[in-house]
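Engineer: Sequence:
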Amino acid sequence: MSTPSNPPPGLRERKKIKLRRAIQAAALRLFEAQGYEHTTVEQIAEAAETSTTTFYRYFPTKEDVVLDNDASPLFEATVATRPADEPLTATIRAAMGAVVAAAEADRDLTFARMRLVATVPALEARHAGQERRTIDLLTRLLANRTGRPAEDYQLELIAFVLAGVLFSASRRWVAEQGTTPFATLVGQAVTTIEPLLAALERPS
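Residue numbering for the sequence shown follows the UniProt record's numbering, starting at 1 and increasing by one per position.
Source of the hints: derived by calculation from the structure; they are not laboratory data.
This list has only true hints and no planted wrong ones.
In silico DSSO-like pairs for lysine-lysine, Cα to Cα no more than 30 Å straight-line:
hint : residue 1 : residue 2
1    : 15        : 62
2    : 16        : 62
3    : 18        : 62
Generate coordinates for the entire structure from the input sequences, incorporating the hints supplied.
Structural biologist: Dropping the structure here:
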């Protein structure tokens, strides 16, 4: 069975993506150089050669310029393209692989983001909420994929485990400065939980 593919973004969308990334990159450079608390939105906008109005159009708060990323949308979009009859483990590996590839492509940015999350209390608190939303997303995706209700206890547990795989592997990857490839860390973790994923495909 062939899988649908999303059309590439148009010129306008590519420009938006480029500007968003430029603002994030400028912000992270300033945060590392002079500290998160001592950096203003005005300084970030100036460094990115844009306006504060444009900054807030892309990022509602200064915290969002660090925390905003495409991991969850990319995971969800990848799952949506996979064949409906594909084994769940293969679907999860494909979605995890897409997230890993994006993180590795932006390795320096990812490392800078994670270092800030680990050292700035306001960011750490917001990141905890982000983890909760990731679990909710995974619960919904697993429910749609397996036909189980979202409140199924086994499904909820495995959603927590999958979120733990992504967040734990990313933290170790950053802590080790990429000594072990992110793909290897995630791959080892998914192999460990394969029996749990297979169990979800059996009737509850």
